[in-house]
Amino acid sequence: MMWLSRLLTPLAPLLACIGLLCVWQAASLALDTGSFPTALEALRAIPDILGDRGSLINILASLRRMAIGLALAVLIAIPLGLLMGRSRNVAAFFNPLLMVIYPVPKAALMPVIMLWLGVGDVSKTLVIFLGVSLPIIYHSFQGARAVEEKMLWSGAAMGMSASRRMLRIVLPAALPEILTGCRTGLVLALITMITSEMIARQSGAGNILFNAMDMAQYDTVFAMILIVGAMGIILDAAFERLRAMLVRWSDAGRAIPLSYS
Amino acid sequence: MARRHFPDMLLGLAPILMLIALWQVIVWSGTAPVALLPSPFSVFARFSAQLLRPEFHHEIAATLMRLFAGFAIAVVLGVSIGLAAAVKPVVDAVVKPLVRILAPVPKVALYPALLLTLGFDHASKISLVAADALFPILLATYYGASMVEQKLIWSAMAAGTPRAQIIWKIVLPASLPSILTGCRIGLVISSIVVFLAEMITSTDGLGHMLVQAARTFQTVDMFVPLITISLLGLILNAALHLLRRYLLKGFAEI
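Protein chains in written order, with numbering that gives the first Met the number 0: chain A, 0 to 260; chain B, 0 to 253.
Isolated chain B (complex conformation) (with noise of 0.2 Å):
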């Protein structure tokens, strides 16, 4: 098998290393100006430099807490409706039209309206993030656990499980494996939707740092926060996969 994934590796990292080349032979050509389309050498020497900044460890920080308040919101409404929706035939009459009118509908457009009640601070953004979110986990454990096996409940309640542990005993482990499907989907779209919020208004935070430098010219330093949230984006994916991994022993297939 390792075998088999080295040159994978290489082939996947040739794509990568060929558009930051082409990028290279672009600005070393000059058929762009360098203000336009700075060389990819400036931009990652900017972003090393800027790593050991205690500044922009701040704006990290900042778009980082309302990121994960926003998913963790999200997460426990997200997985508790969408238990009790697949459970209970009452909730799924209700949720159910519910989330079919407000899913299709784009969320940034909301923003407007939370900015207005919530105000200019971070509940306004953290809530984006938590509607944002909040979809792909509630269909993923609503799906999850509706597709619970029957056999599964009854031979719980034949070994005298009681009615209201078998959510906590039963469903809920056996739908792990599709709510966390749906977290890694929520992660994703919660690290777009933070930096967007961030972009609109805000004064610190990847997405404002991101604004600031696209005011003033500064190609430079708007390349540096677009590295940094693919970055974090893979970083957090690849912890998401961590923690499927463990929490998932023992099931059969991942």
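The following block holds chain A by itself, in its conformation from the complex (with noise of 0.2 Å):
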């Protein structure tokens, strides 16, 4: 029994991934509709989307857009959010605005968007910026709160400046709980991405979905939802990986973060 457990628990995710498959291939045999491809007839659409010189380029402009707002969010929300954490005074006057922009699907803020940034890549890598940002600064500003105190009374007494302690000590202390909100802006990044480009319809991952849905393409529809699932699944755990390198020293977190979707 113990070598069987020991064989099956890493292939687990991919057991999960054949059992899915093959549901739905047995869904689609058993309903029969020509709008519900079996399983294998969208992934033998895959290698005509990924051949083609077209959508290819579409899938990486939309990867370059989720990088760029991605990386800025990053850059923005993670000093805010230390900055929060470690201020009263900041944290009071930011909380409210957040909490007011929170609920708000930030891929509708799209048309208004676009009325004014036009349909191209500014507005909708803005639109990816915005939605990520929410998550990683509400991390930071958790991590940086929890810091000890301790800590920063013996780097102060070391003579260091506020803004050394908040690079040498709030930074780390607090980065598990950063890239976990980096690994949930990962993923709404991802889907900020599709849900953008779904509204402006010019290019795009989200723009190739969507259209053949529009044409009755159904094979195309299904195989577009595997390969961003799959860009999804592998994103995912590619940071993960990434995570675990840079904290080894800390807890090991949770498999997976709360606030995914």
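Treat the hints with caution; some may be incorrect.
Far from chain B, some chain A residues (derived; all Cβ distances over 10 Å) [said to hold, decoys possible]:
no.	residue
1	PRO12
2	VAL73
3	SER153
4	MET165
With the C-beta cut set under 10 Å, the calculated list includes, among others, these residues of chain A facing chain B [what the hints assert, rightly or not]:
no.	residue
5	LEU10
6	PRO78
7	LEU79
8	LEU82
9	ARG85
10	ASN88
11	ALA91
12	VAL111
13	THR191
14	ILE232
15	ASP235
The following label-pair restraints were derived from C-beta to C-beta distances [said to hold, decoys possible]:
no.	chain 1	residue 1	chain 2	residue 2	range
16	B	LEU63	A	ILE75	30 to 40 Å
17	B	PHE43	A	VAL121	27 to 37 Å
18	A	ARG87	B	VAL89	43 to 53 Å
19	B	ALA157	A	GLU40	57 to 67 Å
20	A	ALA66	B	HIS57	38 to 48 Å
21	A	ASN210	B	VAL89	20 to 30 Å
22	B	LYS248	A	ALA229	26 to 36 Å
23	A	LEU49	B	LEU63	40 to 50 Å
24	B	MET17	A	LEU49	30 to 40 Å
25	B	THR30	A	ALA66	24 to 34 Å
26	A	ARG247	B	SER79	28 to 38 Å
27	B	ILE19	A	ALA229	14 to 24 Å
28	B	LYS248	A	ARG43	28 to 38 Å
Quick caveat, the hints were computed from the structure, so don't treat them as lab data.
No residue lacks a Cβ here, since even glycine has one placed at the ideal position from N, Cα and C.
Each of the two chains sits in its own frame; use the hints to bring them together as a complex.
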């Protein structure tokens, strides 16, 4: 039994994938409607999409916007969150504003932003930036607030300036929590990327997905869903590797952060 | 305490008021044409005018109905699957890899598939909301229930609680704080997702209002649904906070 479970544990996610595809295959065979292709048909459509130059450029353009939006959000949200965590006044200043912004779907700002900045890269990147910033701010805030006071006092006693204390004590101590926020942000960036392209149909992965839907190319629709899903899983797994490397010293965090979606 | 909270509130209102003031100044200065950026006064006037119209109530009701239906399904499924996985190793072995795979998948991308299988009516929107809100609630329940102190369970068993009842009498109440945290995240996500689903395909609801206004370039009307969803989110959040205070009366910290 022991060797069996040792063999199965690393394979479990793969088995789960295969299981889901089997359920899908069975469901579509059972329903047998023209608009619900089988898993195999969808898988077969994937090489066509990835082989096509136009779609590949579209998908890469999406990923570029996502990367830029995410990078900007990381650069601005982490310092803001850390400041909020260490200063009562800064926290009291920004908290209500963030609470008002939180329940607004960032992609819903797309039609308004499109009026000002056009349908191009700028507005989509801005929407991704807005969507990703909040969880990163929130997690950095939580992380910085939990830093032990004593360490800061010791730092001050050793003659560290306030900005050095921030960089050498607060940032590393809050890093596990910050990286959890970044991981949530990564998945959110992917979601906002798809929705923004769905609303401004001009280029990108979301555009291919919903255009195929409108043109009733259902194989392509389901193949794109698989591609986008795989992007989410791969990006998340890669980031988890990176996170584990960076904060090897801290307690193993939760396998999956709560605030996905 | 009350003395300390009052200036905090003023400080918190400042950036919101500053944002609105900045908005007004831009409108006054004339750098942005009114067609692109209406003044905040006209937006709030339209919002309060809309609040009196029954059609607007109908849109809000449609959105809220989908939101609550999806959220309720997510709570029931999330809490029961989470508890089962935390208590039974067999369930855990099946659920964990599935969650690992499905949690990072952007659920909006599934929306076309839901449309094709469930149709353009309520069902597809409600299932999208449920799929999106499910994972935070499930994970929070799972983590909460796995953290329950073994000593509590042993004491209950020593006091004669039947095995079958331990999950209801001990594990569920002990993991309640964590479950409610998950519900709070799930609720915000639900309000975001229901809006997006309505923006993509719908004939009513707040999201549909926004798209309709955008298509006809009624800028003032575009801001109204955005303000509404933000207020709805705040109200729902506050309601859940009160519920949490009521449910967790006996707990040391909230």
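Hints and how they fare:
1. PRO12: Not fine: 5 Å to the nearest Cβ puts A/PRO12 too close to chain B.
2. VAL73: holds (18 Å)
3. SER153: The claim holds: A/SER153 sits with its nearest Cβ about 27 Å from chain B, beyond 10 Å.
4. MET165: holds (21 Å)
5. LEU10: holds (9 Å)
6. PRO78: violated (17 Å)
7. LEU79: The hint is violated - A/LEU79 has no Cβ within 10 Å of chain B, the shortest such distance being about 12 Å.
8. LEU82: violated (14 Å)
9. ARG85: violated (16 Å)
10. ASN88: The hint holds - A/ASN88 has a Cβ within 10 Å of chain B, the shortest such distance being about 6 Å.
11. ALA91: With a closest approach of 4 Å, the A/ALA91 hint holds.
12. VAL111: Cβ of A/VAL111 sits 6 Å from chain B, so the hint holds.
13. THR191: holds (9 Å)
14. ILE232: Because about 5 Å separates A/ILE232 from the closest Cβ in chain B, which is inside the 10 Å limit, the hint holds.
15. ASP235: Since chain B brings a Cβ to about 4 Å from A/ASP235, closer than 10 Å, the hint holds.
16. B/LEU63 - A/ILE75: 30 to 40 Å: Since the Cβ atoms of B/LEU63 and A/ILE75 sit about 34 Å apart, the hinted range of 30 to 40 Å holds.
17. B/PHE43 - A/VAL121: 27 to 37 Å: holds (28 Å)
18. A/ARG87 - B/VAL89: 43 to 53 Å: holds (48 Å)
19. B/ALA157 - A/GLU40: 57 to 67 Å: holds (58 Å)
20. A/ALA66 - B/HIS57: 38 to 48 Å: holds (42 Å)
21. A/ASN210 - B/VAL89: 20 to 30 Å: violated (44 Å)
22. B/LYS248 - A/ALA229: 26 to 36 Å: Distance hint for B/LYS248, A/ALA229 is violated at roughly 46 Å.
23. A/LEU49 - B/LEU63: 40 to 50 Å: holds (41 Å)
24. B/MET17 - A/LEU49: 30 to 40 Å: violated (48 Å)
25. B/THR30 - A/ALA66: 24 to 34 Å: holds (32 Å)
26. A/ARG247 - B/SER79: 28 to 38 Å: The hint (28 to 38 Å, Cβ to Cβ) holds, given that A/ARG247 and B/SER79 are roughly 36 Å apart.
27. B/ILE19 - A/ALA229: 14 to 24 Å: Hint violated: Cβ distance 43 Å, outside 14 to 24 Å.
28. B/LYS248 - A/ARG43: 28 to 38 Å: violated (58 Å)
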